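Position chain B relative to chain A; hints supplied.
Sequence order for the protein chains is A and B.
Sequential numbering from 2 applies to the first sequence in our numbering.
Sequential numbering from 157 applies to the second sequence in our numbering.
Source of the hints: derived by calculation from the structure; they are not laboratory data.
Small disclaimer: the values here were computed from a predicted structure and weren't measured.
Each hint should be verified, as a subset may be incorrect.
Which bits of chain B does chain A cover? Going by a derived footprint, with three or more residues having C-beta under 8 Å, they are [what the hints assert, rightly or not]:
(1) 192-201
(2) 204-214
(3) 230-239
Okay, derived cross-link-like pairs now, EDC-like style, lysine to aspartate or glutamate, Cα gap no bigger than 20 Å in a straight line [as the list claims (entries may be wrong)]:
(4) K46(A) with E256(B)
(5) K108(A) with E43(A)
(6) K56(A) with E256(B)
(7) K167(B) with E43(A)
(8) K108(A) with D215(B)
(9) K108(A) with D3(A)
(10) K46(A) with D186(B)
(11) K213(B) with E228(B)
(12) K167(B) with D194(B)
(13) K108(A) with D194(B)
(14) K46(A) with D194(B)
(15) K213(B) with D3(A)
(16) K50(A) with E256(B)
(17) K167(B) with E235(B)
Cβ-to-Cβ under 7 Å is the rule here; a few derived chain A residues that face chain B [to be verified]:
(18) P104
(19) F106
(20) K108
For glycine and all other residues, C-beta sits at the position ideal for the given N, C-alpha and C.
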Amino acid sequence: GDSVTQTEGLVTLTKGLPVMLNCTYQTTYSPFLFWYVQHLNEAPKLLLKSSTDNKRTEHQGFYATLHKSSSSFHLQKSSVQLSDSALYFCALSDRTSGGNYKPTFGKGTSLVVHP
Amino acid sequence: EAAVTQSPRSKVAVTGGKVTLSCHQTNNHDYMYWYRQDTGHGLRLIHYSYVADSTEKGDIPDGYKASRPSQENFSLILELASLSQTAVYFCASSTGQRAETLYFGSGTRLTVL
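The following block holds chain A by itself, in its conformation from the complex:
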């Protein structure tokens, strides 16, 4: 079945440095990928999404490019802030046998930004 892999469980950085959170996926259908962010004691919420190959998508200083050739949708930011400390989930819109769509999530990457 479809799956999403996030290789880093924890990323720790100093404020102001760049970050890249990895996301790769497997699907038999044309992919639609999402990044969700969850701050401490809050619900996950959408950060950005894309289905267009090789097109950069941006939101709130974060950006990601879907690369179908490598099945990747890495999340990047050029300069992290303390407020970026959160749990980040990559997700794939997964088609069911009934023709509906349900999201499949990766295990998440916890980003901790230090002063």
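Just chain B, lined up with the frame of chain A:
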């Protein structure tokens, strides 16, 4: 802004007891989902529903039942709660279309003792 409300916000249950978690959405969305969150496992789908009076099994349905009595309401039922079901549970809704965003509730922290 889409609205998904979960109750209770937290609950302590005893092993073997029955637990019901409730979710209500005002988004007019057809799809509703129950996810479980554990450290190191991310968000795992338990049950989902795309129409009232019908539910579908997700990836980890064992030990859980779901009920969708109306478009707005979706419940998760633990008939015999176990220690391993201690987790944070999130309800979410969406239109169910491929590109659509999930809107999550604030979560229910369940502790089974």
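Here is how each hint holds up against the structure:
Residues of the segment 192-201 of chain B lying with their CB closer than 8 Å to a CB of chain A number 6, which satisfies the three-residue condition for coverage. Closer than 8 Å: that is the beta-carbon criterion, and the segment 204-214 of chain B has 4 residues meeting it against chain A, so the requirement of 3 holds. Note: the segment 230-239 of chain B has 0 residues with beta-carbon separation from chain A under 8 Å; the three-residue rule is not met and the coverage is violated. A distance of roughly 12 Å separates the Cα atoms of K46(A) and E256(B); the hinted pair therefore holds under the 20 Å criterion.
With a CA separation close to 17 Å, the supplied pair K108(A) and E43(A) stays within the 20 Å bound. For a cut-off of 20 Å, the pair hint linking K56(A) to E256(B) stands: about 19 Å separates their Cα positions. Pair hint K167(B) plus E43(A) holds up; C-alpha atoms about 17 Å apart against a cutoff of 20 Å. The suggested pairing of K108(A) with D215(B) holds, with an alpha-carbon distance near 14 Å, which does not exceed 20 Å.
For a cut-off of 20 Å, the pair hint linking K108(A) to D3(A) stands: about 14 Å separates their Cα positions. With a CA separation close to 19 Å, the supplied pair K46(A) and D186(B) stays within the 20 Å bound. Of the supplied pair hints, the one linking K213(B) and E228(B) holds, its CA atoms being roughly 19 Å apart against a limit of 20 Å. For the given pair, K167(B) sits about 16 Å from D194(B) by alpha-carbon distance, which is consistent with the 20 Å threshold.
Of the pairs offered as hints, the one joining K108(A) and D194(B) holds, with about 9 Å between alpha carbons and a cut-off of 20 Å not exceeded. For the given pair, K46(A) sits about 17 Å from D194(B) by alpha-carbon distance, which is consistent with the 20 Å threshold. This hinted pair checks out: K213(B) and D3(A) have alpha carbons roughly 16 Å apart, not beyond 20 Å. The straight-line distance between the Cα atoms of K50(A) and E256(B) is roughly 9 Å, inside the 20 Å bound, and the hint therefore holds.
For the given pair, K167(B) sits about 15 Å from E235(B) by alpha-carbon distance, which is consistent with the 20 Å threshold. Of the supplied interface hints, the one on P104(A) holds, with its beta-carbon coming within about 6 Å of a beta-carbon of chain B, less than 7 Å. Against a cut-off of 7 Å between C-beta atoms, the interface hint on F106(A) holds, since the closest Cβ of chain B lies about 4 Å away. Taken as an interface hint, K108(A) checks out: its beta carbon lies about 4 Å from the nearest beta carbon of chain B, inside 7 Å.
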